[in-house]
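Undergrad: These are the residues of each chain, in order.
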Amino acid sequence: GQQVMQIPQYQHVQEGEDFTTYCNSSTTLSNIQWYKQRPGGHPVFLIQLVKSGEVKKQKRLTFQFGEAKKNSSLHITATQTTDVGTYFCAGRNRDDKIIFGKGTRLHILP
Amino acid sequence: NAGVTQTPKFRVLKTGQSMTLLCAQDMNHEYMYWYRQDPGMGLRLIHYSVGEGTTAKGEVPDGYNVSRLKKQNFLLGLESAAPSQTSVYFCASSKVGALSYNEQFFGPGTRLTVL
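Chains A and B are the protein sequences, given in the same order. By the numbering used here, the letter at position 34 of the first sequence is numbered 17, and the numbering carries on one by one without gaps. By the numbering used here, the letter at position 112 of the second sequence is numbered 113, and the numbering carries on one by one without gaps.
Hints listed in this document are in silico derivations from the structure and should not be mistaken for laboratory results. Everything numeric in this text was worked out from a predicted model, so none of it was measured. Using N, Cα and C, we set each Cβ at its ideal position, and we do this for glycine too. A few of these clues could be false.
What the hints assert, rightly or not - Restricting the straight-line Cα-Cα distance to at most 20 Å, the calculated cross-link-like pairs of lysine-lysine (PhoX-like) are:
1. K42/A <-> K85/A
2. K39/A <-> K19/A
3. K80/A <-> K58/B
4. K42/A <-> K53/A
5. K80/A <-> K15/B
6. K80/A <-> K34/A
As the list claims (entries may be wrong) - Quick look at which bits of chain B chain A covers, simulated, 3 or more residues with Cβ under 8 Å:
7. 12 to 23
8. 37 to 50
Please work from the sequences and hints to get the whole structure.
TA: Put into structure tokens, the structure is as follows:
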């Protein structure tokens, strides 16, 4: 079946360093969403990308959707301790089904 | 608005016991979902509903049943619990529409342990 692969599974960075997580789908997506889950919490919606090649920014976070609408990335500039958590992408396929990646757990070293 | 609420927050079952998890949303959302989250596995869709009275299977439906008798409620049932169903269960809801701004709102989760 369709998969959404997310890498890396874990990432440890020093506070102030940048961080990037990548999502790759085996098929073309209608859109892709990104969620953040704090330790012990529930996923919280960050953003949705719909258009081919779309780039959106939220303060230190930059989200990209690939030209072929099969991949996406989330980049955090100058990480802070508040960025700790697991970041999930969720792709919506042509059958209107949502498939989550397995997430990237971000750990910040002080 | 309470958003999405889940009952109970924690539960311990013995193998073979049954239970029902309740999800309620007050946002008048059409779509509702049940996910399970296991370490290293991300979120996997169990069942979902696109409207009152409708349900559909997700990625991992075996061993679970659901009902959506009222628009605001989505129930997840385990008829005969197994240790493999030990997990954190999240309910979510969203507005209808394939390309509309349909973010999913998640509940706080239910941590279920089956002994």
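Undergrad: Per the coverage rule (Cβ-Cβ under 8 Å, at least three residues), is the region 37 to 50 of chain B covered by chain A?
TA: The restraint on the region 37 to 50 of chain B holds, since 6 of its residues have a Cβ under 8 Å from chain A and three suffice.
Undergrad: Has the given pair, K39/A with K19/A, been kept, meaning a C-alpha gap of at most 20 Å?
TA: 16 Å, holds
Undergrad: Do the alpha carbons of K42/A and K53/A lie within 20 Å of each other, as the hint requires?
TA: 25 Å, violated
Undergrad: How does the region 12 to 23 of chain B fare against chain A when you require at least three residues with a CB closer than 8 Å, holds or violated?
TA: Violated: only 0 residues of the region 12 to 23 of chain B have a Cβ under 8 Å from chain A.
Undergrad: Regarding the pair K80/A and K58/B, is the alpha-carbon distance no greater than 20 Å?
TA: 11 Å, holds
Undergrad: Under the criterion that the straight-line Cα-Cα distance not exceed 20 Å, is the pair K80/A, K15/B satisfied?
TA: 33 Å, violated
Undergrad: Does the alpha-carbon distance linking K42/A and K85/A stay inside the 20 Å limit?
TA: The given pair, whose Cα atoms are some 25 Å apart, is violated under the 20 Å limit.
Undergrad: Does the alpha-carbon distance linking K80/A and K34/A stay inside the 20 Å limit?
TA: Distance of about 18 Å is within 20 Å: holds.
The structure is inconsistent with the numbered hints 1, 4, 5 and 7, although it conforms to all the rest.
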